[in-house]
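Enquirer: Take a look at the letters that make up each chain.
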Amino acid sequence: MMLKYREVDWQLIVAALLLSVIGILLVMSAQHYADSTFKQDYFQRQLIWLGIALIVFALIVHLPFRLYDFSAYLFYAFALILLILVLFAGTSRMGSTRWFSFGAINFAPSDLAKLALIFALSRFFAYTKLPTTSKRRLALSSLLMLVPVLLILKQPDLGTALVFPVLLFALWFWSGLSPVYLILILSPLVSLIAASHWIAWAVYLGLLFIFLFFCRPGTAFSAITVLANLATGTIMPLMWGRLADYQKQRILTFLDPGTDPRGAGYQIIQSKIAIGSGGLWGKGLLKGSQTRLDFLPERHTDFIFSVLGEEFGLWGGLLVIGLFAFIFIKAIRIAGRSRSKFVSNIVIGATTLLLFQFIVNVGMTLGFMPVTGLPLPFLSYGGTSLVLTWTLIGLIVAAGYRWQEY
Amino acid sequence: MRFGREKLSITERVRLAIAVVLLVVLVSLFGLVKLQIFQHRQLYQMSENNRIRVLPIIPKRGLIYDREGRVIADNRPSYTVSVVPVEEVRYRTLPQLSILLGLDTLHIRSRIQSNMVSRYQPAAVRRDVPFEAVAILEEQYTRFPGVTYQMERVRQYAANLGVESFTGYVGEISEEELQESGMNYVRPGNVIGKKGLEKKYDRILRGSEGTAYIEVSANGQIIGEYTEKPPIKAVPGTDITLSIDIDLQRASIEALDTFCCGGIVAIDPRSGGVLAMVSNPTYDANIFSGVIPESLWQAISSDTTHPLLNRPLKGLYPPGSPIKLLTLGAGLEEGVVTPTTSFKSCAGGYQFGNRFFGCWKPEGHGVLHAVHAIEESCDVYFYQLGVALGVDKLSHYMDLSGFGRPTGIDLPGEEKGLNPNSAYYDRRYGQGRWSRGLVLNNAIGQGELLVNLFQMAQFYCGLVNHGVVYRPHLVHMIHYPNQLPEIVAPELAYKLPFSPATLRLLNEGIRLVVQGEEGTARHLKNAFYSLGGKTGTAENPHGENHSWFVGAAPLDSVEIVVAAIVENAGHGSEVAAPLVAKIIDAYMLKKEGMKALMLAEDAQPEISEQ
Numbered sequence: 298m299m300l301k302y303r304e305v306d307w308q309l310i311v312a313a314l315l316l317s318v319i320g321i322l323l324v325m326s327a328q329h330y331a332d333s334t335f336k337q338d339y340f341q342r343q344l345i346w347l348g349i350a351l352i353v354f355a356l357i358v359h360l361p362f363r364l365y366d367f368s369a370y371l372f373y374a375f376a377l378i379l380l381i382l383v384l385f386a387g388t389s390r391m392g393s394t395r396w397f398s399f400g401a402i403n404f405a406p407s408d409l410a411k412l413a414l415i416f417a418l419s420r421f422f423a424y425t426k427l428p429t430t431s432k433r434r435l436a437l438s439s440l441l442m443l444v445p446v447l448l449i450l451k452q453p454d455l456g457t458a459l460v461f462p463v464l465l466f467a468l469w470f471w472s473g474l475s476p477v478y479l480i481l482i483l484s485p486l487v488s489l490i491a492a493s494h495w496i497a498w499a500v501y502l503g504l505l506f507i508f509l510f511f512c513r514p515g516t517a518f519s520a521i522t523v524l525a526n527l528a529t530g531t532i533m534p535l536m537w538g539r540l541a542d543y544q545k546q547r548i549l550t551f552l553d554p555g556t557d558p559r560g561a562g563y564q565i566i567q568s569k570i571a572i573g574s575g576g577l578w579g580k581g582l583l584k585g586s587q588t589r590l591d592f593l594p595e596r597h598t599d600f601i602f603s604v605l606g607e608e609f610g611l612w613g614g615l616l617v618i619g620l621f622a623f624i625f626i627k628a629i630r631i632a633g634r635s636r637s638k639f640v641s642n643i644v645i646g647a648t649t650l651l652l653f654q655f656i657v658n659v660g661m662t663l664g665f666m667p668v669t670g671l672p673l674p675f676l677s678y679g680g681t682s683l684v685l686t687w688t689l690i691g692l693i694v695a696a697g698y699r700w701q702e703y
Numbered sequence: 006m007r008f009g010r011e012k013l014s015i016t017e018r019v020r021l022a023i024a025v026v027l028l029v030v031l032v033s034l035f036g037l038v039k040l041q042i043f044q045h046r047q048l049y050q051m052s053e054n055n056r057i058r059v060l061p062i063i064p065k066r067g068l069i070y071d072r073e074g075r076v077i078a079d080n081r082p083s084y085t086v087s088v089v090p091v092e093e094v095r096y097r098t099l100p101q102l103s104i105l106l107g108l109d110t111l112h113i114r115s116r117i118q119s120n121m122v123s124r125y126q127p128a129a130v131r132r133d134v135p136f137e138a139v140a141i142l143e144e145q146y147t148r149f150p151g152v153t154y155q156m157e158r159v160r161q162y163a164a165n166l167g168v169e170s171f172t173g174y175v176g177e178i179s180e181e182e183l184q185e186s187g188m189n190y191v192r193p194g195n196v197i198g199k200k201g202l203e204k205k206y207d208r209i210l211r212g213s214e215g216t217a218y219i220e221v222s223a224n225g226q227i228i229g230e231y232t233e234k235p236p237i238k239a240v241p242g243t244d245i246t247l248s249i250d251i252d253l254q255r256a257s258i259e260a261l262d263t264f265c266c267g268g269i270v271a272i273d274p275r276s277g278g279v280l281a282m283v284s285n286p287t288y289d290a291n292i293f294s295g296v297i298p299e300s301l302w303q304a305i306s307s308d309t310t311h312p313l314l315n316r317p318l319k320g321l322y323p324p325g326s327p328i329k330l331l332t333l334g335a336g337l338e339e340g341v342v343t344p345t346t347s348f349k350s351c352a353g354g355y356q357f358g359n360r361f362f363g364c365w366k367p368e369g370h371g372v373l374h375a376v377h378a379i380e381e382s383c384d385v386y387f388y389q390l391g392v393a394l395g396v397d398k399l400s401h402y403m404d405l406s407g408f409g410r411p412t413g414i415d416l417p418g419e420e421k422g423l424n425p426n427s428a429y430y431d432r433r434y435g436q437g438r439w440s441r442g443l444v445l446n447n448a449i450g451q452g453e454l455l456v457n458l459f460q461m462a463q464f465y466c467g468l469v470n471h472g473v474v475y476r477p478h479l480v481h482m483i484h485y486p487n488q489l490p491e492i493v494a495p496e497l498a499y500k501l502p503f504s505p506a507t508l509r510l511l512n513e514g515i516r517l518v519v520q521g522e523e524g525t526a527r528h529l530k531n532a533f534y535s536l537g538g539k540t541g542t543a544e545n546p547h548g549e550n551h552s553w554f555v556g557a558a559p560l561d562s563v564e565i566v567v568a569a570i571v572e573n574a575g576h577g578s579e580v581a582a583p584l585v586a587k588i589i590d591a592y593m594l595k596k597e598g599m600k601a602l603m604l605a606e607d608a609q610p611e612i613s614e615q
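Order-wise, the sequence lines are chains E and B. Count along the first sequence starting at 1, add 297, and that's the number in the numbering used here. Count along the second sequence starting at 1, add 5, and that's the number in the numbering used here.
If you are wondering where the hints come from, they were derived from the structure by calculation, not from laboratory data. Given the structure is predicted, the values throughout are model-derived calculations rather than measurements. Even glycine gets a Cβ: it sits at the ideal position worked out from N, Cα and C. Be a bit skeptical, because a hint or two may be false.
Derived BS3-like pairs (lysine-lysine); straight-line CA-CA distance at most 27 angstroms [to be verified]:
id, chain 1, residue 1, chain 2, residue 2
1, B, Lys319, B, Lys204
2, B, Lys349, B, Lys398
3, B, Lys12, E, Lys426
4, E, Lys432, B, Lys12
5, B, Lys12, E, Lys627
6, E, Lys638, B, Lys319
A few chain B residues facing chain E, derived, Cβ under 8 angstroms [unchecked claim]:
id, residue
7, Ile23
8, Val29
9, Ser52
10, Leu301
11, Arg410
12, Met482
13, Ile483
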């Protein structure tokens with residue numbers, strides 16, 4: 298399988314490499330003044346993991362998509378087994394059992410599950426004969442998504458679990474579900490938020506009915522939608538009580554970090570201070586005081602973007618956002634050009650995953666998303682994250698190269 | 006793009022997807038710009054605030070010296086032993102520390118828990134640790150990983166000299182004190198003078214705080230000095246020298262100690278400088294420098310002899326017979342009596358209206374006049390004198406002589422006593438509902454009259470000093486930095502309302518009390534120096550009489566006036582008088598001793614050149 302290197306999308310690869318290098322620099326800065334030598338190893342480790350990730354990337358680019366097509370459901374089942382296994386044989390840390398430990402290496406099966414779901418859903422939507430709006434189709438795909446989600450929620454890991462419905466939603470969209478249905482599917486969520494005040498909820502329900510009247514998606518669909526909206530609207534107060542304290546706290550501090558500046562809100566406040574204090578040009582590499590003096594917690598993982606903001610200022614932020622946008626748009630175009638639905642679905646799945654992590658992480662550092670613990674692709678320290686990210690990039694690049702074949 | 010239920014074309018889907026990406030980009034950009042452009046200034050300021058700590062530099066408190074430069078109050082180091090939690094070694098640090106401090110490990114653990122600020126900062130375990138323990142910590146530091154000590158200065162007072170009656174003590178500033186000061190030069194947590202000189206001269210004694218700027222990490226770990234802002238130097242407190250003489254102070258407290266309760270004040274009439282001041286029972290001001298055990302505080306505050314009551318300053322007593330000097334002086338000035346006038350004979354008492362007022366000597370004194378009435382302290386003479394003067398005249402002279410008004414001693418909280426006149430009696434009993442007979446008691450220092458020790462001493466200072474009263478004061482010199490010490494000049498307070506002739510007579514009375522053949526204190530007469538004074542026995546409705554004596558010496562040119570009151574001790578001549586004599590003896594001995602020393606030095610032949 299010789300590649301015609303001229304037809305590989307080098308621009309995308311360069312953008313991804315640039316982001317990885319920036320990530321290495323930021324991790325180096327983040328742990329440069331850390332108070333223990335263990336932490337100072339992060340920089341070297343990240344370098345090694347990048348090497349491994351690039352090897353995996355090279356491998357993926359050379360592999361045919363037929364392979365994934367063939368093994369998709371098997372891979373999915375394998376992931377499910379691992380998810381069940383980790384609940385029993387995994388190591389617990391801070392109240393959740395998410396990892397298998399092999400010495401110093403931790404492996405979280407939920408990351409594998411993300412990939413497996415992409416493959417499974419891609420295959421499902423590629424070959425199913427069911428019409429787009431068929432309830433069966435929606436139900437089956439939801440089931441595919443729900444099984445791993447429930448297992449992940451059992452660990453518990455709310456943050457990672459959120460990715461899965463988003464993937465499903467993206468693939469519903471990409472496989473042809475029109476925006477009207479997508480909006481109606483999202484409506485129960487809006488109902489949940491609107492139900493915080495009964496006037497808002499009443500107004501919202503009114504708007505919903507007007508919308509249904511104009512679009513007329515079919516009696517069954519409308520009925521389900523209305524029921525779902527009513528359900529989330531009324532159950533919301535009940536559900537609130539059943540959330541664990543730290544989750545409640547996360548939501549509350551997201552809404553107003555100032556109320557608890559020493560605790561959960563502390564991270565968000567410190568992140569905003571770090572980013573804002575960078576200004577236009579930033580304080581310079583290794584010179585960020587918030588980073589250097591330990592004021593920014595989790596700075597090498599969750600808050601790596603804050604290190605970027607503090608040390609490189611607005612121009613650094615613009616560069617990174619620009620590179621990400623470049624990659625995303627290229628990937629979407631590749632998906633659009635693919636003749637195989639399977640490949641196109643995979644590319645969209647991969648892009649959605651990366652985009653979702655991006656907005657959740659950056660949004661958190663900027664203060665408009667709650668703290669979730671999702672890493673920023675390419676930049677956050679983390680071997681699994683880096684390898685997974687490059688795997689996805691590999692799939693996208695491979696799809697881009699092979700669009701003529703499919 | 007059709008917005009309906011139909012499937013979108015691929016191109017439309019691509020466009021919509023790209024639109025979503027652009028939306029995400031836009032939102033991120035918006036967030037970044039908001040923080041890094043619009044809020045940049047304030048967030049930058051916050052990032053600086055995060056890492057810069059402002060530390061106060063507390064200067065040493067000014068020292069208090071006696072007139073000869075001996076230390077009355079100074080500062081001693083107090084060591085606080087702490088543990089830095091992150092550096093503690095299990096099974097090593099705490100057991101070792103437990104042996105050293107004599108506290109059990111659980112106790113130490115709980116102290117660390119409650120005082121912990123962060124894992125990287127020391128948590129105080131015990132304050133005021135003895136120096137020996139600290140020396141061991143310093144020498145054998147490997148035995149105590151994670152243990153540190155900090156030194157702070159703590160006030161220390163000369164012990165067993167009764168100095169707390171004028172020094173007062175210091176303590177942590179309270180809410181009310183913060184409000185009063187208007188936060189101009191004190192902060193919460195500061196140490197401030199609470200009583201006495203420490204309070205009155207707090208501004209001078211405390212100096213002014215400096216500021217150090219240090220850089221810290223989020224753990225509270227100190228990184229180092231913040232080089233961009235230089236520290237502001239602290240100004241040390243100013244020292245003060247008092248007129249107090251520690252030797253007299255010691256003599257006073259030793260003399261008073263054998264009795265339960267009372268007070269002594271010794272003043273130099275030539276300047277108003279206070280030579281000694283004691284209150285008994287008293288407490289040790291040093292206990293307030295450390296942490297007072299609850300039990301000790303309870304014991305002190307519930308003690309029925311009131312050790313916290315400062316008797317010279319706040320104790321109000323009926324003046325008793327010593328006031329007769331004033332009554333006589335008033336009578337002479339008003340022309341009601343002459344040096345030789347006498348009234349009805351004293352046969353043990355005097356009938357006024359339907360009441361019989363007794364004299365302290367039941368057998369009576371016979372006929373006495375002026376100075377001899379003083380000498381023998383005949384009550385009957387003074388009853389009649391009082392009647393002749395009347396309540397208001399007497400009260401007027403008392404007011405002119407400084408009674409019923411604060412003396413203005415440089416200590417906070419002086420009680421001004423009570424100088425009753427008809428207006429007062431009208432208010433108290435109702436107009437027309439009180440008898441003129443009240444003046445009889447006033448004339449001999451009983452009744453509603455109330456005075457404090459300083460007022461009494463001050464009056465006698467005036468008597469022996471040609472009628473000139475200097476304001477009593479404790480502080481003699483203030484040692485401002487970088488200049489010669491400022492000497493507090495004696496301040497003329499007022500002149501007694503007596504003519505020189507009257508004063509001469511009154512002084513003769515004072516002389517006769519000790520030197521006269523019938524003097525109530527003739528047993529104090531000695532061959533070494535000429536002592537004078539006045540005895541007194543104040544009736545106390547709550548118990549036994551209080552014993553008064555005011556002494557002055559040497560009579561031709563008085564240098565020291567000592568006023569003493571001993572509560573519930575009976576006759577003045579028996580108790581207070583010998584007490585005062587002891588103190589004046591000590592003064593005279595010291596003076597003679599110094600004279601002898603100087604004479605001896607003069608007598609030494611100079612080493613002549615060979």
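Enquirer: Against this structure, judge whether each hint is valid.
Expert: Results for each hint:
Of the pairs offered as hints, the one joining Lys319(B) and Lys204(B) holds, with about 16 angstroms between alpha carbons and a cut-off of 27 angstroms not exceeded. For the given pair, Lys349(B) sits about 21 angstroms from Lys398(B) by alpha-carbon distance, which is consistent with the 27 angstroms threshold. For the hint pairing Lys12(B) with Lys426(E), the CA-to-CA distance comes to about 15 angstroms; that is within 27 angstroms, so the pair holds. At most 27 angstroms may separate the alpha-carbon atoms for a hinted pair to count; Lys432(E) and Lys12(B) meet this at roughly 16 angstroms.
A threshold of 27 angstroms between alpha carbons decides the hint, and for Lys12(B) with Lys627(E) the separation of about 23 angstroms falls inside it, so the pair holds. The hinted pair formed by Lys638(E) and Lys319(B) fails the criterion: a straight-line CA distance of about 100 angstroms is larger than 27 angstroms. At a threshold of 8 angstroms, the smallest CB-CB gap from Ile23(B) to chain E is about 6 angstroms, leaving the interface hint in force. Annotation: interface hint on Val29(B) holds; nearest CB of chain E at approximately 5 angstroms, less than 8 angstroms.
For Ser52(B), the suggested interface contact is upheld, since its CB lies about 4 angstroms from the closest CB of chain E, less than 8 angstroms. With a cut of 8 angstroms, the hint placing Leu301(B) at the interface with chain E is violated, because the nearest CB-to-CB distance is about 38 angstroms. Interface restraint check: Arg410(B) against chain E, minimum CB-CB distance 57 angstroms, threshold 8 angstroms, status violated. A cut of 8 angstroms between beta carbons decides the hint on Met482(B): the least distance to chain E is about 50 angstroms, and the hint is violated.
At about 46 angstroms, the closest approach between the beta carbon of Ile483(B) and any beta carbon in chain E exceeds 8 angstroms, and the interface hint on this residue is violated.
Checked against the numbered hints given earlier, this structure breaks hints 6, 10, 11, 12, 13; the rest are met.
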